Amino acid sequence: MSRLQLHDLQLARGGQTILEHLDGRFMDGAITALIGANGAGKSTLIAAIMGMLAPVAGSVECRVPRERRAWLPQQLALDLSFPMSVEELIMSGTWPSHGALKGYCGPHYRRGRKIMARLGISQLAHRPLGELSGGQRQRALLGRTLMQEAELLLLDEPFANVDIETVDVLMEVLRDMARQGATIIVVIHDMEQLARLADDVLLLSGGHGRWVSPDALLDHHSGLVPRAPRLPLTFPDASHAGTA
Amino acid sequence: MLALLDAWLLAPFDYGFMQRALVAGLALSLAAPPLGVFLMLRGMSLIGDAMAHAILPGVALGFLAAGFSLPMMSLGGILSGLLIAVLAGSVSQMTGHKEDSAMASFFLISLAAGVMLVSLGGSSVDLTHVLFGSILAVDSTALVLIAAISSLIVVILAVVFRALVVECLDPLFLRGQGVRGGLIHGIFLGLVVLNLTAGFQTLGTLMAVGLMMLPATTARFWSQRLEGLIAIAIAIALVSSTGGLLLSYHLSLPSGPAIILLAGSGYVFSALFGRHHSLTAQWRRHAAPLGAPEHD
Numbered sequence: 001m002s003r004l005q006l007h008d009l010q011l012a013r014g015g016q017t018i019l020e021h022l023d024g025r026f027m028d029g030a031i032t033a034l035i036g037a038n039g040a041g042k043s044t045l046i047a048a049i050m051g052m053l054a055p056v057a058g059s060v061e062c063r064v065p066r067e068r069r070a071w072l073p074q075q076l077a078l079d080l081s082f083p084m085s086v087e088e089l090i091m092s093g094t095w096p097s098h099g100a101l102k103g104y105c106g107p108h109y110r111r112g113r114k115i116m117a118r119l120g121i122s123q124l125a126h127r128p129l130g131e132l133s134g135g136q137r138q139r140a141l142l143g144r145t146l147m148q149e150a151e152l153l154l155l156d157e158p159f160a161n162v163d164i165e166t167v168d169v170l171m172e173v174l175r176d177m178a179r180q181g182a183t184i185i186v187v188i189h190d191m192e193q194l195a196r197l198a199d200d201v202l203l204l205s206g207g208h209g210r211w212v213s214p215d216a217l218l219d220h221h222s223g224l225v226p227r228a229p230r231l232p233l234t235f236p237d238a239s240h241a242g243t244a
Numbered sequence: 245m246l247a248l249l250d251a252w253l254l255a256p257f258d259y260g261f262m263q264r265a266l267v268a269g270l271a272l273s274l275a276a277p278p279l280g281v282f283l284m285l286r287g288m289s290l291i292g293d294a295m296a297h298a299i300l301p302g303v304a305l306g307f308l309a310a311g312f313s314l315p316m317m318s319l320g321g322i323l324s325g326l327l328i329a330v331l332a333g334s335v336s337q338m339t340g341h342k343e344d345s346a347m348a349s350f351f352l353i354s355l356a357a358g359v360m361l362v363s364l365g366g367s368s369v370d371l372t373h374v375l376f377g378s379i380l381a382v383d384s385t386a387l388v389l390i391a392a393i394s395s396l397i398v399v400i401l402a403v404v405f406r407a408l409v410v411e412c413l414d415p416l417f418l419r420g421q422g423v424r425g426g427l428i429h430g431i432f433l434g435l436v437v438l439n440l441t442a443g444f445q446t447l448g449t450l451m452a453v454g455l456m457m458l459p460a461t462t463a464r465f466w467s468q469r470l471e472g473l474i475a476i477a478i479a480i481a482l483v484s485s486t487g488g489l490l491l492s493y494h495l496s497l498p499s500g501p502a503i504i505l506l507a508g509s510g511y512v513f514s515a516l517f518g519r520h521h522s523l524t525a526q527w528r529r530h531a532a533p534l535g536a537p538e539h540d
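Protein chains in written order, with this note's numbering: chain D, 1 to 244; chain H, 245 to 540.
Treat the hints loosely; a few may be bogus.
Below, a list of computed lysine to aspartate or glutamate pairs in the DMTMM-like style, where the Cα atoms sit at most 25 Å apart [as the list claims (entries may be wrong)]: (1) D/K102 - H/E471; (2) D/K114 - D/D176; (3) H/K342 - D/D79; (4) H/K342 - H/D293; (5) D/K102 - D/E149.
Stretches of chain H that chain D covers, calculated by requiring three or more beta carbons in the stretch to come under 8 Å of a beta carbon on chain D [stated by the list, open to error]: (6) 412 to 419; (7) 461 to 474.
Hints are computed from structural coordinates only; laboratory data are not their basis.
Since this is a predicted model, take the numbers as computed values, not measurements.
All C-beta atoms, glycine included, are put in the ideal place defined by N, C-alpha and C.
Here chain D stands alone, though its shape is the one from the complex (with noise of 0.2 Å):
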């Protein structure tokens, strides 16, 4: 199943076609890693996944409900020094299908405390996002979306300046949220992390996408991750697919 589809898509922004031709879907309960380099578009097919950029041609199909779809941008786009708690910033979570308007009760709180545990930042709940370090901060970020009950989320590069256990945190989260159903979209750069996280890969260059398995970003030979291919990778023919 799959309730994210992209029809023959084409976005651009300012007048100037950055993705064309983009087909494809997003497989319910899999997590499918957006890569590519600088400028190939990837913040701009989020975008429009969000529904934030209207396609200039071609149609995103979406058929989760909006309130169920979450979208964590880069920690840079945040106003951290606003004064806001752990615990508030992961309450936040609910208004979507809450509504911003209703206080919060029991079951609400119950739930956030039990996904503050999960994430290892119970002991931090009432401290300010500010006070935060990038890793502990990317825990309630995600403690935000899993309030929500996302069931598509979208994370643009969610371990920049993220600790080691932090990201084994994160991944384990969310290899769960996927094993529950939610369709999950990933910026990444990191190849190790690709490897050990993604079902799928988009990988967008010159303005095309092309769906690849991480296997094929992968050396076939020794089974381990290929030293060179950091980005930005250069897009690798069909017939020279994981000989590169």
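Got chain D; can you put chain H on it based on the hints?
Below, chain H without anything else, positioned relative to chain D:
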């Protein structure tokens, strides 16, 4: 001792004009500081000032049309304030210039237009009144208007509070849910304009911003939580407007500046001695860093 306190704190409010001034000041003190806190947190501290100038031409037009009628002047102020906000917003959207540069241009234009209008139609006394207000001249109609606008602001703010918080912290979260960020932003600017029009009668168009921003910036030195910031800012505003009125009564000072200067001295004091980020707080931190290894 009690008699002295009574003479200083209570006796002045035997007068009707002082009672009305006090109620007007307190009503404004409840509505303005939360707006100021959000302006400050959004990095828009100076926008309040710009908006204060923007309401001037409307106030002047209301004055020219209906004489010294607060409802007409307020209506004019609200309309011109909103118009300038929309104009500045759309110019910045269309040209891609930053909103603050458009805002700066428009507030200068409207300041000049406002002063021109008042001068054409009235005397310099009227101009002084519009620019600097006179809280002691608040009559019952004005008082009802001020109280009504303040209540309206508090209610609307309560309704959009969470959306406003999210928009400050993470605008994309809101947009992802299909709420246009511009909508919340617009409502918020509308509230700022409303509050300034309520404030201009008492403090004047220019100083009405003072009761909005000074308590907010002062509170920043005392709390790091949103509720704390808002509560402290309101408390500071309440104390400043009451204290300012008393000072102006006893020392024959102009009331508006007395109120704002009192709030201002609170700011200076807090910058020096506040709990967070103040000079002494920084000094304390240098003296005893938390958990730092000891150096010999």
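Could you work out which of the previously given hints the structure breaks and list their numbers from low to high? As far as the earlier hints go, not one is violated by this structure.
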